[in-house]
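There are 2 protein chains.
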Amino acid sequence: MSDIDIARSAHYEHIKNVAEKIDIPQKAVMEYGDYKGKVSYDYLRSVSDRPDGKVVLVTSINPTPAGEGKTTTTVGLGDGLNRIGKKAAICLREPSLGPVFGVKGGAAGGGHAQVVPMEDINLHFTGDFHAITSAHNLLAAMIDNHIHHGNELGFDLRRVAWRRVIDMNDRALRDVTIGLGGVANGFVREGGFDITVASEVMAIFCLATDLEDLTRRLGKIVVGYTRDKQAITAGELEAPGPMSVLLRDALMPNIVQTLENNPAFIHGGPFANIAHGCNSVMATKAAAKLADYTVTEAGFGADLGAEKFFDIKCRKAGIRPNAAVVVATARALKMHGGVAKDDLSKENVEALKSGCANLARHVQNVKKFGLPLVVAINRFPTDTDAELQAIQAYAKNELGVDAVICTHFGDGGAGAEELANKVVNLVEGGTDQFAALYPADQGLWEKTRTIVREIYGANDIIADKKVRDRFKELEEEGYGHFPICMAKTANSFSTDPNLKGAPTNFDVPIREVRLSAGAEFVVVICGAVMTMPGLPSKPAANEMYVDDEGRIQNLS
Amino acid sequence: MSDIDIARSAHYEHIKNVAEKIDIPQKAVMEYGDYKGKVSYDYLRSVSDRPDGKVVLVTSINPTPAGEGKTTTTVGLGDGLNRIGKKAAICLREPSLGPVFGVKGGAAGGGHAQVVPMEDINLHFTGDFHAITSAHNLLAAMIDNHIHHGNELGFDLRRVAWRRVIDMNDRALRDVTIGLGGVANGFVREGGFDITVASEVMAIFCLATDLEDLTRRLGKIVVGYTRDKQAITAGELEAPGPMSVLLRDALMPNIVQTLENNPAFIHGGPFANIAHGCNSVMATKAAAKLADYTVTEAGFGADLGAEKFFDIKCRKAGIRPNAAVVVATARALKMHGGVAKDDLSKENVEALKSGCANLARHVQNVKKFGLPLVVAINRFPTDTDAELQAIQAYAKNELGVDAVICTHFGDGGAGAEELANKVVNLVEGGTDQFAALYPADQGLWEKTRTIVREIYGANDIIADKKVRDRFKELEEEGYGHFPICMAKTANSFSTDPNLKGAPTNFDVPIREVRLSAGAEFVVVICGAVMTMPGLPSKPAANEMYVDDEGRIQNLS
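So the protein sequences, as listed, match chains A and B.
Residue numbering for the first sequence follows this note's numbering, beginning at 398 and increasing consecutively.
Residue numbering for the second sequence follows this note's numbering, beginning at 398 and increasing consecutively.
Chain A with its partners taken away, still in its complex shape (with noise of 0.2 Å):
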């Protein structure tokens, strides 16, 4: 059965229904149809004072074409504690419009293991991301429109900082000029679109703590400067009141459900690489008041992901989490050792043992936050008992921590039941002990030096003259005390995607530092970033429609 009609198969609660799982009172869910809900704000506010239930992060080795399921894992952990009488949620990103129409499909699990109603969480969804288009380009808006009606804070056209965008793969809009036609026009200027989940205000929308934080940070945002370089902000237009209105009810974390029923929230989505790449601080603390367990994921491996996670959102937003699990396939680890797609079928115990060294990275790095950890196997029809036994035996030998196999994609919560003992095992141990990686303080190329050399296995940071004097800007700027936020390939620890395993004697040369002063962090790009895909020659749009019975077909 394709994911979809597993979907369709299954029985959906009323997401009140859903709700009262963890105690929400029905009338603090506002619905939207019968399956989809927002929790009010008045709601959370009146819990803010209980205790943070246990938050564990799933994150995993570096990924391959060979597929990991992280969000799988993620769905089926949740799923498990709950079979094991945990008051279990899980919080995951909304994905992107755009990417459902190319080659990516959509993001909602797969299998056994995910949360539905898929098309709704795969499309419009509760229209967040609409919102968040339409904050962004409001402020684009007001950019230009100052600067035809007499451009009273002096941008230089050159300089401006804030591009539009749009939730929809469109290659032909990532280099524009704008303000063509004519005087009514405005002023001719480069521009540019991004596709939505890389827009600063998807950023600062994942990381606000409510709507005051998203306002202030709103009025943040650098959008451009002067001639003489000084910076221009988003508050000095006016824009964060009209922005807030635009997204006051996007903020709101949504809530559905797993094929089991089991709550799921599911908010914000923001880029992996030139943002943080995790769920919404919203949701993330209202799960953690609201359930005994709190699942979560973060986007790409734990050298990117699980790092961000920790350094920039858990730090910012106060989360402290328990646990994590660190997702693995015998196919990825194959991958990493140097087997080819082509042949990962094929039973290769050394091959496999080999691109354990990936594993092995990650686990340890996990440890230098101060979490427990259990490595999840997340199992594979082609998957050999020789190759899942040198997988435990390598984690437990080698690592010293577990590996359990898990087949939540075939099985539901039913085959992740095991991993959810290991878990609660590992947070019941209290042996947590989370720290950030660096200290706030720390200068901004000594933060970034500290990522590449403890998490990714570096030598050391290069960068021309340029890169170096605008880290020094930024500190002179006040901007020292932000988080790293790292954009390089989430395919190796290094910036060479090929480079599987676990690379030693390299170098991380940077390439450009942005500010996201909304966000409130330094990214710090170390390779080509791509803020607008393309669709393929042959789009999955081709072949999906609305049936005779209403109902989508080919959305995967």
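Derived by calculation from the structure, the hints in this document are not laboratory data.
Wrong hints could be hidden among the right ones.
One copy or any two copies: either way a pair holds, since identical chains are not told apart in the list.
As the list claims (entries may be wrong) - With a straight-line cut-off of 25 Å between C-alpha atoms, the simulated PhoX-like cross-links for lysine-lysine are:
(1) LYS626 x LYS862
(2) LYS424 x LYS413
(3) LYS935 x LYS617
(4) LYS935 x LYS418
(5) LYS765 x LYS617
(6) LYS765 x LYS862
(7) LYS869 x LYS713
(8) LYS863 x LYS935
Predicted, not measured: the structure shown is a model, and the values here were computed from it.
Fit chain B to the known structure of chain A by using the hints.
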């Protein structure tokens, strides 16, 4: 009290209870929070065999800066009908998001004749316009993607006819160059953005009778031409399927309530110039099946709005209107009689009588469609008794119709009870003999000439050879049976906005003819048509914010 203060102090019924007033079962309403809903396709199909209730169009004299109050009269009449014991529902257009941040403010009525929740209706509402924006821009992305990947259909880059849309007032996007930045970003070409309400997808959305009809129409959109001028359609790009996927939920009619808790359908909102300016056929047909009286409005004055409502919407969708209300104000009639805006508060019966010529022509026009009608005088505080009596006397003696004074703005439905009684009398009189103005099989040139002579009072249409050739081409290409969608100034019967009253002895110059193959009409453009507004020097946005209690402030 401001509109928003009145709206906030009102008692709101849960939307399921509102829907029950016209016998919609609770389970047929998909909730979006407590006060907004969509009526399910299944339920609409289940009532499709019922006979239609009565349909009343609210239209007006040519709009002036003095304001007419067509929307408030629609709301007031709906409430008035309910007060006198009729089961009535109103149908309005959804407001566009962009202009809310400019000058205009929202469009949910005013005073004690409003639809609520006004903040939601004026902002994201149920996401319909975002869905339309997404569907429109998916098609745009698929076009440039097709060209990028080989251009099998042979688009002439200079003749791509599909622009992009955004629901924001952003003049800098009117004319842009896209595809810059190198090979990976596609081919450089000219492009541009319209505001979402100007999208042909919006017009199609509003004319589609069901999802299947929507998909069929989307497939017919002409998106560009080959070098030898052969049309290329959205269907050839396999775009209608995924576009319908994006629009599936949006096409269900939205239901909200008036301040007096009566049902209001608010669905779709096409431009009243390059499109037909009426709410969706889905909503009007739903209301007609469910209510005894459906009160709806059309954009601009009766010369544009009512003509298109009758000749495009009613004719194509098989809606049979039974009566019309022509809204006028003493102030607006004085402006048509030559009074300057600053002098409107002074009594001036002579100017008013002279301005009644404008009213007269609209009344005569509506009669040409075979409908009984009443004039609604939307009373303003500065109106004098002499002025109001003059309008009533003119209507009675010169036009043979009643003119009823309405005070719904200040008094709600009670202020429109007399109007409601009059409408019921007209309808129950059974004198309606609705007929379109011109037969479908008349030539496109002839149809246009019929409209300008019969409705505008012009001598003839004039156009240069290029435009006349285009009329012929469209007939040769098989579009001769389409109705005409006139695009001209709303402020005058003529194409000169300064010609108030009832001008005579003028021609209507045609500047351009555009095909809307999916909407199934031919747009005849007689003047400048603005499809992307800009923001003013001090946008309304600047004053908006969310207050400490989560309320949106300064949205009007």
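Going through the earlier hints one by one, which of them does the structure break, listed in rising order? Violated hints: 4, 5, 6 and 8; rest satisfied.
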